[in-house]
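**Student:** On the provided structure of chain A, position chain B as indicated by the hints.
Letter by letter, the chains look like this.
Protein chains: 2
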Amino acid sequence: MPEHKIFSLGDFPLECGLVLRKAQLAYQVYGELNSRKDNAILLCSWYSGDHTGYEFLIREGKCFDPTKYCVIGVNMFTNGLSSSPSTTPIPMNGPHFPATTIRDNVRAQHALVQSLGIESLALVSGYSMGAQQCFQWAVSYPDMVERIAPWCGAARTTPHTHVFIEGFTSALRADAAWNHGHYAQPPATGVRAMARVYAGWGLSQAWYREELFKQLGHPSVEDFLVYFWEHFFLLCDANNLLAQAKTWQDHNVGDSPGFDGDWRKALATISAKAMVMPGQTDLYFPPEDSQAETDCMPNAVYRPIPSIWGHLAGIGMNPEDNDFIDAAVRECLAS
Amino acid sequence: MPEHKIFSLGDFPLECGLVLRKAQLAYQVYGELNSRKDNAILLCSWYSGDHTGYEFLIREGKCFDPTKYCVIGVNMFTNGLSSSPSTTPIPMNGPHFPATTIRDNVRAQHALVQSLGIESLALVSGYSMGAQQCFQWAVSYPDMVERIAPWCGAARTTPHTHVFIEGFTSALRADAAWNHGHYAQPPATGVRAMARVYAGWGLSQAWYREELFKQLGHPSVEDFLVYFWEHFFLLCDANNLLAQAKTWQDHNVGDSPGFDGDWRKALATISAKAMVMPGQTDLYFPPEDSQAETDCMPNAVYRPIPSIWGHLAGIGMNPEDNDFIDAAVRECLAS
Numbered sequence: 001m002p003e004h005k006i007f008s009l010g011d012f013p014l015e016c017g018l019v020l021r022k023a024q025l026a027y028q029v030y031g032e033l034n035s036r037k038d039n040a041i042l043l044c045s046w047y048s049g050d051h052t053g054y055e056f057l058i059r060e061g062k063c064f065d066p067t068k069y070c071v072i073g074v075n076m077f078t079n080g081l082s083s084s085p086s087t088t089p090i091p092m093n094g095p096h097f098p099a100t101t102i103r104d105n106v107r108a109q110h111a112l113v114q115s116l117g118i119e120s121l122a123l124v125s126g127y128s129m130g131a132q133q134c135f136q137w138a139v140s141y142p143d144m145v146e147r148i149a150p151w152c153g154a155a156r157t158t159p160h161t162h163v164f165i166e167g168f169t170s171a172l173r174a175d176a177a178w179n180h181g182h183y184a185q186p187p188a189t190g191v192r193a194m195a196r197v198y199a200g201w202g203l204s205q206a207w208y209r210e211e212l213f214k215q216l217g218h219p220s221v222e223d224f225l226v227y228f229w230e231h232f233f234l235l236c237d238a239n240n241l242l243a244q245a246k247t248w249q250d251h252n253v254g255d256s257p258g259f260d261g262d263w264r265k266a267l268a269t270i271s272a273k274a275m276v277m278p279g280q281t282d283l284y285f286p287p288e289d290s291q292a293e294t295d296c297m298p299n300a301v302y303r304p305i306p307s308i309w310g311h312l313a314g315i316g317m318n319p320e321d322n323d324f325i326d327a328a329v330r331e332c333l334a335s
Numbered sequence: 001m002p003e004h005k006i007f008s009l010g011d012f013p014l015e016c017g018l019v020l021r022k023a024q025l026a027y028q029v030y031g032e033l034n035s036r037k038d039n040a041i042l043l044c045s046w047y048s049g050d051h052t053g054y055e056f057l058i059r060e061g062k063c064f065d066p067t068k069y070c071v072i073g074v075n076m077f078t079n080g081l082s083s084s085p086s087t088t089p090i091p092m093n094g095p096h097f098p099a100t101t102i103r104d105n106v107r108a109q110h111a112l113v114q115s116l117g118i119e120s121l122a123l124v125s126g127y128s129m130g131a132q133q134c135f136q137w138a139v140s141y142p143d144m145v146e147r148i149a150p151w152c153g154a155a156r157t158t159p160h161t162h163v164f165i166e167g168f169t170s171a172l173r174a175d176a177a178w179n180h181g182h183y184a185q186p187p188a189t190g191v192r193a194m195a196r197v198y199a200g201w202g203l204s205q206a207w208y209r210e211e212l213f214k215q216l217g218h219p220s221v222e223d224f225l226v227y228f229w230e231h232f233f234l235l236c237d238a239n240n241l242l243a244q245a246k247t248w249q250d251h252n253v254g255d256s257p258g259f260d261g262d263w264r265k266a267l268a269t270i271s272a273k274a275m276v277m278p279g280q281t282d283l284y285f286p287p288e289d290s291q292a293e294t295d296c297m298p299n300a301v302y303r304p305i306p307s308i309w310g311h312l313a314g315i316g317m318n319p320e321d322n323d324f325i326d327a328a329v330r331e332c333l334a335s
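Chains as they are written, first to last, in this note's numbering: chain A, 1 to 335; chain B, 1 to 335.
Isolated chain A, as found in the complex:
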């Protein structure tokens, strides 16, 4: 795959009131736009992930088939590729990077999509925080979004998910080396603690009970904690992790203009066909929340992923879950 592309947003006003100068979205395009310009799919990145995370489904014969679709994988602000604490120069560098919302991201993505000559999206899809962006797209740009296929995510951050995020971010911030974001060396102790907290939430009790970490090549829980979780988060920048967690924590689709914070009202306006796929054993985006959200949407199918892989059912690691998502997305695209 070639390097990702950069879309320059120029001076980009944010919901928080600050202007992000020389704002950038990193993205990648797989496949080509057809002459009718009706084969575009937008994929929105997940927490601490990037556009490459979806490549397990961007293959010929899979739902995001690049020989049929023009697939645009876009990166959220704060993920280290699009404008982020780690990439932004003074005075908005590091801990001074302004708060970016899911709606800021979606508005920036809208500008990107327009710049590509696309006026209609056959599908907006994504996992986890990517799912949050799907719902927001359908609310913010109803005339432009034909379908959404969000999985393992929700349209708003519930009180429990808020507390979950508060837990793992507090673990990172407990490290004095973090120094309120003014670190010279990465606050590795805090990042490792965050990773250990995250590990309990990422996969279900049943997954651990059946010791599926052994399937992944980890002979023990401790090996899984160090070589999977700590390793992954140690590759991330701490300010990026905290900024993106804040984006997540603060999201509510109901805060879109005209809904007075009511996510049900906002979801009721979604005319796009939707395939909503929570993970059956997801501990921080539990299926009950997706069910309640789907019930508000006039054109939506509720299709839980029958898996014990918890939240990670959606991340591309378990072939059966991948096949389930692939089939459901294809069904949505065919509708």
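Everything labelled a hint here was simulated from the structure, so no lab data went into it. Each hint can be trusted.
Copies of the same chain look alike in the list, so a pair counts if it works inside one copy or between any two.
In silico lysine-lysine, DSS-like type, Cα no more than 27 Å apart, as pairs:
id	residue 1	residue 2
1	Lys214	Lys246
2	Lys62	Lys273
3	Lys265	Lys214
4	Lys37	Lys62
**Tutor:** Quick look at chain B alone, frame taken from chain A:
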């Protein structure tokens, strides 16, 4: 209630190979032993709790009725009342306090019970880590335990519970002020982080969804995090918290002599009548684990607590859950 009593164990050898000098168990007795000496109930303390935690059920007309039973509330090592890092002089003070196991606790409690002239226990009961002690009592002293009534706990620490404990203890340890246990001032930042991690696990997603923190007088999640969770753990000593977490993390009833680590084999030997009450929505002692354990026990009833209070269904805060436990324990005592 009068002050608690102290039972001196003398020099008490531990499973880890060290000897705890002048070991002490703190306990309280409610009610009196009858002439047949067949009305004794032992209550084992929970993580970061003490004997007073059970007083919501130690009342006339309740299951632990002190007018009918001789109720002994005993404190685990490391809880700050029995021998603990915070109470032990050099050279086994603070971080030098030796590892104590659930079996060490049960053996110490056995000595206490014998010293009180009790040769048979009508019931051993307890919540959470208290439940771990119930199962261990029934395995270690089968001729002495007529009944057990463990709730919101398990006979062994599963891989997922291990990871959960690893998460919240890592958050505490991420604070450099902890200094491997050699602190002059409490590592408050780490303890607060631990509290925030714990908050997500203690109650169910549904509990937060329905905003039941408001029932407890907290107008917001943040108020609940600070005034309930941080406040509670800030009153504890960090070394005590970590030592008791280690006791929890390492427990497996199958490590009792003769079972080669097999908890199923150990549970199969339990002749006591048992009333096993997991919380239906407990996130770190999920009911499936209790069901699997109960299935191994020849004389056990599986009776999940139908509550959205998660693990805290068992802690005495929700009147409906209290009544459920009370009724089930009374049923067990009547059998």
